[in-house]
Structures are given as structure tokens and as C-alpha cells.
Amino acid sequence: MNRANCKSLITSIAIAVSVMTFGNAMAEPFELDGNPIVDDNTLDDWASLYDSGNNTGGNSLKFTGIVPDGPINGADSSIFTGGRKDIQDVSQWGHKSGSSPDKDEIINAYAAAYRGQDTNGDLIIYFGADRTTNVGDAFLGFWFFKNPIDDLQGGSFDGMHTEGDVLVLANFPQANNATPEVLVVLWDPSCSKADSNNPAEGDCAAKNLRLIKKNQATCNGGGVGNAACAVTNAEDGPNDPTAAPWQFEFKGAALNEFPYETFYEGGINITQLIGGEGCFSSFMAETRSSSSFTASLKDYVLEDFNLCSFAVAKRCKVVDLNSDNTFKVDYEIDIINTGVGEFTADKILVIEDEPSNGTPFTINNTLGNLNDGTPLSADETITISGRSFTSTINGGTNTITSATIQLAGGDVLSATNVPLTVACDSLPLSPLLTINKSCELSLEATSGLIAVKKNYGGTVCNTGDIPLDVTLTDSDDVTLNESFSLDYAKRCDPLQTNACGTGETCTQYTQIAEGPDMFLYACQDDGTGEFVETIPGGDGLCYDYSGEYNPDTLPTGESYSLSNTANAKATSPVVPGGDLGDLTSLGESATTMCQLCPECEDCEPKQ
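Residues -27 to -1, 1 to 580 in mature numbering (1 follows the signal peptide of the UniProt record, and there is no 0) are what the sequence shown spells out, letter by letter.
Worth flagging that the hints you see were computed from the coordinates, not collected in a lab.
If you're wondering where the values come from, they're calculated on a predicted model, not measured in any experiment.
The C-beta atom is built at its ideal place from N, Cα and C for all residues, glycine as well.
Mixed in with the good hints there might be a few duds.
[Said to hold, decoys possible] As a list, the in silico PhoX-like pairs of lysine-lysine whose alpha-carbon atoms are at most 20 Å apart:
1. 58 to 166
2. 166 to 187
3. 301 to 290
4. 58 to 180
5. 69 to 58
6. 76 to 224
7. 166 to 180
8. 76 to 58
[Unchecked claim] FRET-style restraints, in silico, Cβ to Cβ:
9. 93 to 69: 39 to 49 Å
10. 61 to 389: 31 to 41 Å
11. 455 to 418: 23 to 33 Å
Model the full assembly from the supplied sequences, consistent with the hints where possible.
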């Protein structure tokens, strides 16, 4: 967007804002009455947020605490170096230890965020500061930075301005019945200079600063007809003096008491005046040499004020065994806005994810693409679903190693609870094996002798739902020692439409436990009646075996019978884990009795 269009748009917004009827824009839930004491038990005030030094924050969504500006007695460690101005980027600022003129010396500063109770949940920020003396006009500024800002040892600042940073200027002239002037300014790099000596709302007020709201508005207790206001404990007013709930020292006055015009507070309805996300990271209170937009900066207090935060939650479940004996794991991830501000739809979410036995993967998308084009508002959740990854084990864990949202200016905000590791629900598996056997005895001549010969055969089948590697032996025939693999039948869900392929029907395959519906279901070929293999043309579901040998014992009994047992023992290439535990072996045996002289009901009895 070019500068002219940008200016036109912001001017339109400002004009629209200026003619809006804000009603009780800050009627609740905070007192703005020129003192920090709770006068209305239904509302908060700074004393309730301070909570006798515990800084619990009352009913606020975010509270900086009462932030002292260095020692009460001693050098102030946070004043601006000469020539610093609001029109400069943060990287151009400098600070040092020293002292400002008494009228510019901040003792404490504070800010708190609320959702309006009678303004459809608007984001409202209250702010305040107290100063050492009441001699001279007070020119205060309150910055709300989108990016984290820090003052470093050595005198420099870390961080930078971002378009949309908010500066509230509160100018308190010392005169009878004087009304404070409140100006709301946005950081706007498209402003190269002031549009005029008396900028209107929507105009560039100075280099990098655009004026959004300009009015004279004194906060009136719990309610005000403007979306931005300020108030002090005026001279000869009801709060001259007023008690200071926290440590405060005024030259020539009682300790912990605010003489007139030493306590200042105000508020701004961010939603109505600014709109957008309200995703601030840092708060600064400053004193200024004059009401000019280009005034020199004097003292400051800087504190974290993170209005935006988010957390993640994850669920994962193994849903299928793939043909290569790996597992398909479906997962869902929740992105939960746990902060006060709103994440706009264009914000980029990046999630780094690492399965315990799988390939790490990344999710990189805008919140709008993940949320039907809408932002992620406070207390709302976006669920990422319909996704899966491949793992070599059944179950295991899944770890979100990193989750970030890119903020304005290139900074990133990390989820408050990463890394996050969750256990994935395993796929219930039922390894099953069946074996049958038949045999017959006969007599044969061998080496001039009559010997007993035994012929046998049978089938080993995989009736479960995982592949098996089988070893087959016989209790008497030492020559039988065969190894083979068995596929498993293609599983299906009988409640799912088109669960099997064309010409196939989802049918009960194996009963795995007593009770109704305790069956495995598999796809059955409608033509052959055979169950379909998971890997067509592979190892097959069953294996036929046969053999013969000469027993070294004679048949006994009236029927001259001999018995032997075929043993099928299986392991699986799948490492189940999870609910199944470690599958070391699965064994089944089939014992059969062979008769050399079987009874014959139709035979004539011997005479």
C-alpha cells in the first residue's frame, strides 16, 4: 500500500473513531478516580492489584506489578541520555545512571490489561505513574511495544519499533481546572514529517508518528465518555493528598502519601481506538520535556507486558499397520490462545515435531489457513486435525520440540509449554495362529523287513492381524524343521462404507475373545470365498506342510495307534509395544493319533 492510500485509510479510521459514541468505554472494571485506593468494592484499583506487595493483579488479565524506578535514595539507573526522542527507533535510544529534574523523576510505574465488562469484551489497558514532586507541568508518555524491549548494560536498548506500537501522551498543565490532554499515537514509518503544525486525527504528527486520537478527557471515576482519558490527584481536590499503598517518598511530605499532582493514571480502549491484535510485549512509562511530539525524553520505567501467549496440546493414536510393518499414527494439535491479545490470521505458526520412532516433521502455515481465514482470538483454540505420520513402533511417544508464532517485526513468540511430550495410544493387536494335522500309518517293506511308515500333513494359518514369522517342527520327525512367513488378512471396519475393494466384503474373520462383537473383521473375496491378503501375491495367509518317516516305536492298542505333535512357533517382524507388550513368541501345537488298524463299523468280525 502506498503512503497516500495508507494515510487515507488511517484518516478514515480516525474520523470514524472520533465520531463514535463510546459511552462507558472504561466504565468497568477499574476505577479511574485520581487515587489508587479501592472506593468501590465492585471495581479494581491499583491498591487491589498491588495487594500489599504481592502484586497479585486483582481481576486483571495482565499486570506489570508496581514497578519501582531504582532506589528511593540514590541514583536513578534508568534515565535517557541527552537528545533521545519518541520519533527515534528504540535502537537509537540510550540510557545511563543519573537523575532527572524532580518534576520528571518517576518513582513507580504500572499497567494492567482487562476485558471490558460492558463493551463486548474490548481490550482495555490502564496505566499510571507517580513522580517525585508536583512543581511544574507533567508531560508523560506510555509506550506499548509489540516487540520485546530491554535496556542493556552499557547504555543501549535491545529491540526495535514495530508499525502499530502505541504511544499514549498524557499532558497535565498546572492551572486551575485544567483538563489533561490525551493523545494516542501510532508508530508509522510511512510518516516522514508532520503534516502540519496542528495535526488532526489521522495526520502524521511527526516523523514516524501518526496521531490517532486527540482530546481533552478527564477520567471520571469508573466511567468516561471517551475511549482514552487520564486523571491526576488534582490540587484541592478530594485526593489532595491521597494514601500511597506502596513505598513512595515526596520531598517535604509524609512517607507513602501522594501530595497533589504526584499520582497519575489513565486508560485506553485498544479495541475501539486501535483494533487489531493488541499483542503487546513491553510497557514503558516516560517523562518528557514538553508536550511536543519531538520533546526530549527524560526518565523511564521499562517492564515486560506480554499480552499474547499461547499453549499447545496434542493427541496421537496408532490407527493402522502398514504393509511394510510400520504404523500409521493419526494426530491432532490444539493451538490455544492463553493470552489477552488476538493473533491475526496472517500470523505464521511453526511447529517442530519429533516422534519417538519416526521422522521429524514441521508444520508451517498461517493461522488463517488453519482456522478458516479467521484470527485466533483470546481464549479460543485452533485444532489441526486429519494428519498422520509413520512410526516403527506401535504406540511410543510424540514430542512437540518447538512451537512459535511470528509476531510483527520478525520476533517470534514461543508456546508456554514446549517441549511437550505425549504418549500415543497404541493399536490393539491380536496375533493369532492356528495349526491342524492329519496322519496315517501303513506297513512297508524296507531292507527285507516290514516297517511301520507314517505320513502326515497339515496347515498353519495366520488368523490374527499382524504378520508372522513361523518355525514348524514335529515332536517325532526330526527332519521337519521349516521356517516361513505368513501375511495377515486385510483388515476392515464393518461400519465403514466401501471398507474393502471391489468384489470384496467385510466379514467376521476371527473371534478374539468371548462376548459379542469380539471379532476381527477382514475383507473376503466374493468370488472365491477366500480372505484377501494384505500384500497381494505375498507370503499368503496359510502354509501347507507334509512329511513322512518310520517311527522308532510300534503302534499299540487294539487299533495299533501312534500319536505325534506338530509345533508351530511364531514371532513377528512388528515390534508391537504399547498395550500388547513385547511379543517374543506365539506357539500353537496340533497332536493327532494315527491308527494302523482303524476300527471299521462295516467290517465282518473275525471268526
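Taking the hints in turn, this is what the structure says about them:
1. Under the criterion of a C-alpha separation no larger than 20 Å, the hint pairing residue 58 with residue 166 is consistent with the structure, at around 14 Å.
2. For the proposed pair residue 166 and residue 187, the alpha carbon gap of about 18 Å is at most 20 Å, so the pair holds.
3. Using a Cα cut-off of 20 Å, the hinted pair residue 301 and residue 290 holds, with the two alpha carbons roughly 9 Å apart.
4. Note on residue 58 and residue 180: the hinted pairing holds, with a Cα-Cα distance of about 11 Å set against a maximum of 20 Å.
5. This hinted pair checks out: residue 69 and residue 58 have alpha carbons roughly 15 Å apart, not beyond 20 Å.
6. Between the alpha carbons of residue 76 and residue 224 the distance comes to roughly 11 Å, so the proposed pair stays at or under 20 Å and holds.
7. Between residue 166 and residue 180, the direct Cα distance comes to roughly 4 Å. Compliance with the 20 Å bound is thereby established for this hinted pair.
8. At roughly 18 Å between alpha-carbon atoms, residue 76 and residue 58 fall within 20 Å of each other, so this suggested pair holds.
9. At roughly 45 Å, the beta carbons of residue 93 and residue 69 sit within the given window of 39 to 49 Å.
10. At roughly 33 Å, the beta carbons of residue 61 and residue 389 sit within the given window of 31 to 41 Å.
11. Checked against the hint of 23 to 33 Å, the pair residue 455 and residue 418 passes, with Cβ atoms roughly 29 Å apart.
Hint compliance for this structure: every hint is met.
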